[in-house]
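Protein chains in written order, with our numbering: chain A, 1 to 341; chain B, 342 to 682; chain C, 683 to 1023; chain D, 1024 to 1364.
Just so you know, these hints were derived from the structure itself, not from any lab.
Careful, some of the hints might be misleading.
[Stated by the list, open to error] Restraint ranges, calculated between C-beta atoms of paired labels, are given here:
#1 A:Phe130 x B:Leu366: 52 to 62 Å
#2 B:Glu367 x D:Asp1150: 42 to 52 Å
#3 A:Glu123 x C:Asn901: 31 to 41 Å
[Unchecked claim] In silico SDA-like cross-links for lysine to any residue, where the CA-CA straight-line distance does not exceed 20 Å:
#4 B:Lys565 x C:Pro696
#5 D:Lys1247 x A:Thr221
#6 B:Lys612 x B:Leu643
#7 A:Lys224 x D:His1341
#8 A:Lys224 x D:His1075
#9 D:Lys1247 x A:Thr129
These numbers come from a predicted model, not from an experiment.
Backbone N, C-alpha and C define an ideal beta-carbon position, used for all residues, glycine too.
Each chain, written out:
Protein chains: 4
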Amino acid sequence: MIYFDSDYMAGAHPEVLQRLVDTNLEHTVGYGCDHYTENATRLIREACGAPHAQVFLLVGGTQTNATIIDGLLARHEGVLAPESAHINVHEAGAIEATGHKVLTLPQHQGKVWAEEVEHYINEFYRDETFLHMVAPGMLYISFPTEYGTIYTLNELEALSQVCHDAQIPLYIDGARLGYGLAADECDVTLKDIARLADVFYIGGTKMGAMMGEAVVVTNPTLLKNMTPLMKQHGALLAKGRLLGLQFEALFTDDLYMRIGRYAVDLAMELKEEFTTRGYETVVDSPTNQQFFRLPNDLIDRLRQHASFELWGPQGETHSIVRFVTSWTTTYNDINHLLDLI
Amino acid sequence: MIYFDSDYMAGAHPEVLQRLVDTNLEHTVGYGCDHYTENATRLIREACGAPHAQVFLLVGGTQTNATIIDGLLARHEGVLAPESAHINVHEAGAIEATGHKVLTLPQHQGKVWAEEVEHYINEFYRDETFLHMVAPGMLYISFPTEYGTIYTLNELEALSQVCHDAQIPLYIDGARLGYGLAADECDVTLKDIARLADVFYIGGTKMGAMMGEAVVVTNPTLLKNMTPLMKQHGALLAKGRLLGLQFEALFTDDLYMRIGRYAVDLAMELKEEFTTRGYETVVDSPTNQQFFRLPNDLIDRLRQHASFELWGPQGETHSIVRFVTSWTTTYNDINHLLDLI
Amino acid sequence: MIYFDSDYMAGAHPEVLQRLVDTNLEHTVGYGCDHYTENATRLIREACGAPHAQVFLLVGGTQTNATIIDGLLARHEGVLAPESAHINVHEAGAIEATGHKVLTLPQHQGKVWAEEVEHYINEFYRDETFLHMVAPGMLYISFPTEYGTIYTLNELEALSQVCHDAQIPLYIDGARLGYGLAADECDVTLKDIARLADVFYIGGTKMGAMMGEAVVVTNPTLLKNMTPLMKQHGALLAKGRLLGLQFEALFTDDLYMRIGRYAVDLAMELKEEFTTRGYETVVDSPTNQQFFRLPNDLIDRLRQHASFELWGPQGETHSIVRFVTSWTTTYNDINHLLDLI
Amino acid sequence: MIYFDSDYMAGAHPEVLQRLVDTNLEHTVGYGCDHYTENATRLIREACGAPHAQVFLLVGGTQTNATIIDGLLARHEGVLAPESAHINVHEAGAIEATGHKVLTLPQHQGKVWAEEVEHYINEFYRDETFLHMVAPGMLYISFPTEYGTIYTLNELEALSQVCHDAQIPLYIDGARLGYGLAADECDVTLKDIARLADVFYIGGTKMGAMMGEAVVVTNPTLLKNMTPLMKQHGALLAKGRLLGLQFEALFTDDLYMRIGRYAVDLAMELKEEFTTRGYETVVDSPTNQQFFRLPNDLIDRLRQHASFELWGPQGETHSIVRFVTSWTTTYNDINHLLDLI
């Protein structure tokens, strides 16, 4: 069986695992106060070109989103997000469980447009009625989006400007950040992300770590009490050094971006071959998630040898499927899959 | 340096780590639907003598307490707990953050007494005023307690009976469960715990796992929607099999109890030698945490070679310290420490 | 100045006020345990044909919605509601503040369609993904809707059936219930509402009371702990008898429906005259709220003599306005307004 | 029957009621934007000597406490309060329902001591452990306390100083404020309260209003978004002018303090006569609540003619009872009661 279900199906990238094995018997203090976490922080700051940024290591994506959004918003505020946002659809109401509404914007292949954000905010404050409504207190986007698409630098700068003008923070969910930055067409760098977002996270779970997400806070006036906030949200790992070690490995010898580029290269190969053979992509994704519209009988045949996600029927004869590559995918896997179509 | 700070200072027990390494490159489905988690569930049920119990694997202790307590309580209810309870003191308000009050009972070396629980409940419903107060909706205890003490079987049965009579669930926080069950004086078995508690958790983080706590639900009418509840609480690990694998290892060849017994043996050695030499224990703990009242100059001398927690001054010349043993502690460490006193 | 802004601009209907004045110096116990509240409960049960229903008197609409929805939902559930629902738009996030998501359905002149509710629920449980999403735990509708429209008996029965089949409660927000029941085209009675909804509320604030909303719970298995729940939500009025007295007055000599019919009659007069003179209604509302599309210069002229709400521009030359009638509106007011157009 | 149960058993003081009757048919805008509320705000500011204070009118005490405390605290903070505080005991967990812990301090006849508050805060920040605990984010006290006692000016100044030094706001629950200010031994004025508290509320419900509590915010950096916060908490009354009118009446011709002084005079009469006849007070309360230790047979006899609260048994033969006076109590009531003892 070959696996294209997701990028969190295996354990840790060998270089990450080795780091955990090598240090296993050492004693360090808990809760992220250890020197590995300190070192990971240093490496992430350097990679981000943000020497004064705060870095916090949490365990998982939903947990990170809930903790950060809860920390950024005032009680009466909600979070603006595209309708397709992970926080709006697939986090079991974790944001609302902290007391905050997700305020939805139209999504365009998973992205929001700066002018629509601006329009929303302007309309909101148009008259006194707003006092009875949920104030937009921050903007959430993801890079790449749920559909694997990425923002251009221009688009990100416009969103950042709109947020800045409205005095609300811009938060970027980077669960698959490396796959976005590694895309051929990507004109955004990690330093741009750090410059334009007030807070963002560098996803580890889907990029070669066992688990772990690195939150980077570049706006120093926000999130002043992260340790108790993380504890309260069940996001403060006792053996915090396990997260430190993994991010240390990911940010050593460019491993994070190597993983990103490798998976994206395979995904592009897949995309080209599928489209060459006449199968349509549903979204033009430049990253490690590829969405195709395939005939149901082909899908049935593929499923005997390959495992991947079915996103639902399209008409009577076709369905949408998702193929995801990662550091575990091999060229053999790709060739094997292509042989089947 | 020798380490007695806590039982979560190193990585994973070698047998646990090996299991993670051996399976690292396999692909499994996420979120705990994999066969390793299924197998861990089977092993835990067997060890508990509870073939129909539900088992859920979460990441950390505070997260587990918040998720379970939030799931068990109705909106207007609170959780009864000893004043010294971890949920009352050291979880940064995680329980209150889910909307529930911690209702405190007097603690006796970390334990609550059945008659005091019963009295609280009876007094509460004495007159109509209770409608303006927070109803006791469950009882939280820990085994062992914050001070390393353990309940006798009689005490546990009495607490279970009181809860049963009041129709509220009994929940046991077993962050260090194995150290309690391994105590010489312990007349409680894991099967007793499973029989007497409605819900409890078997701590992994402090018992040889990298991370992970196994929640066991023996009362089938409670907690019917754990998956979305865990997701909402940021407690559903993407690579859930990592938890499954670790508990599989811990419940293979009796590893969990081997770790418990080993650490307790060392702790008893420590206790005996300290008391023999005239140093008082503060609490008579039969488990892996030992609390001594030591002269400050001795403490200063010890700290040059050993690392341990200072719990605060007692008078002008003495302080209370805590020594914790674990699977990483060696007899050499113990002897080294004893040589210093 | 003549007033058409809303139905909560004056004090209490004279018959309601008189009841408060007459009883002002009496002493009664607090928190709704008095005999006036008991009597109001009896009268409401009779009017609803629901002798075993529970009745609870709360102070305001948003408070009532938040209390009831919080009480009905399990932690992982959300509330289905039309996109235009008051709870979704104009309650400042009160529902989310209790930890629950508002799951929106398309609105058709403020109403939801039974087949769309059914479709949503079926799609939701289509595959295992639902465990990562917010489960629809109840349906919220309002009668009349935000746009003054009302459900037919057939529509309500279909919605009730869908909820029953899905085993989720149907909750009806009746902030303006009397204006809906009094509509000429209404084929629904208060007894139908009580038969088809699991929980609903009879609005007082907008129907002649100073304040107060009467929640009726006809499904006895729901909302078993309303007193502490109300207290927790700040919804338990100390001088609870003030609410009891007002609902006693409203349900004596058919006052509630008299107020409804009177206001609706005036609204119909208004509607007919406006449409006769060529002004379009935006929604065909049979109740006390009327929405017209008027030329901006007419609006400017009217505003010199009348006060009403502007709902926003429609094109360059027109805007939408709302006129609301109530027990305080007189035929003189209507004639005066009509003279101006 | 003569009534000493509480100060919220009757309707409104005649001068308050008259104001509501006189204005009943007027039309005003809703939600507290009317000119009566504006006028009440002006009168309250004057009485407080705080021309720039913000004033907000809410409906009830528990609601007010939950709204204010939720607005003042950051997510990871809790509220310091005496163990006997209303928010800790008799608000059904309304504070915890907003996500915040009540951090209890020892109570001394209902009061907290400045040095104990200071000690708590100092101990809290003693070492790094505090990051795992709930930070004290504000201090809640009541004036008078649950036991009718009052703080001296010195005590209040010390508490205010401690809060100021710790940079946390001081919030005073003034549900019965007027009865405290009217006490013979009281050396605190309303202006002192306004000067020393960051936020406090002037209770209306128990001081002659039908309902209503006036929140005064003297620290302009706090509570910047009260309208949506109140709405979210179900505390924004639609017919807000009803609260404005009542506070306008209470702050006209010194009515608020007249009510306070009248009730306190009667309470002092009661106290003197009871103590003269050898019955002990349990607390030396200078305000409108009096607590006596009475023989059970006397209590039984009194209950045939008078209604009052039983606070629980004291030994086998005695019990504690509470007598409360208000604007509805008459000298005849007092004499009648005294005739019975």
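Hint by hint, here is what the structure shows:
1. A:Phe130 x B:Leu366: 52 to 62 Å: holds (54 Å)
2. B:Glu367 x D:Asp1150: 42 to 52 Å: holds (44 Å)
3. A:Glu123 x C:Asn901: 31 to 41 Å: With Cβ atoms ~40 Å apart, the hint holds.
4. B:Lys565 x C:Pro696: Between lysine 565 of chain B and proline 696 of chain C the Cα gap is close to 52 Å, so the pair fails against 20 Å, i.e. violated.
5. D:Lys1247 x A:Thr221: holds (18 Å)
6. B:Lys612 x B:Leu643: It holds: about 16 Å lies between the C-alpha atoms, which stays within 20 Å.
7. A:Lys224 x D:His1341: violated (54 Å)
8. A:Lys224 x D:His1075: Distance of about 30 Å is beyond 20 Å: violated.
9. D:Lys1247 x A:Thr129: Roughly 17 Å separates the two Cα atoms, so the pair holds.
Checked against the numbered hints listed earlier, the structure breaks hints 4, 7, 8; every other hint is satisfied.
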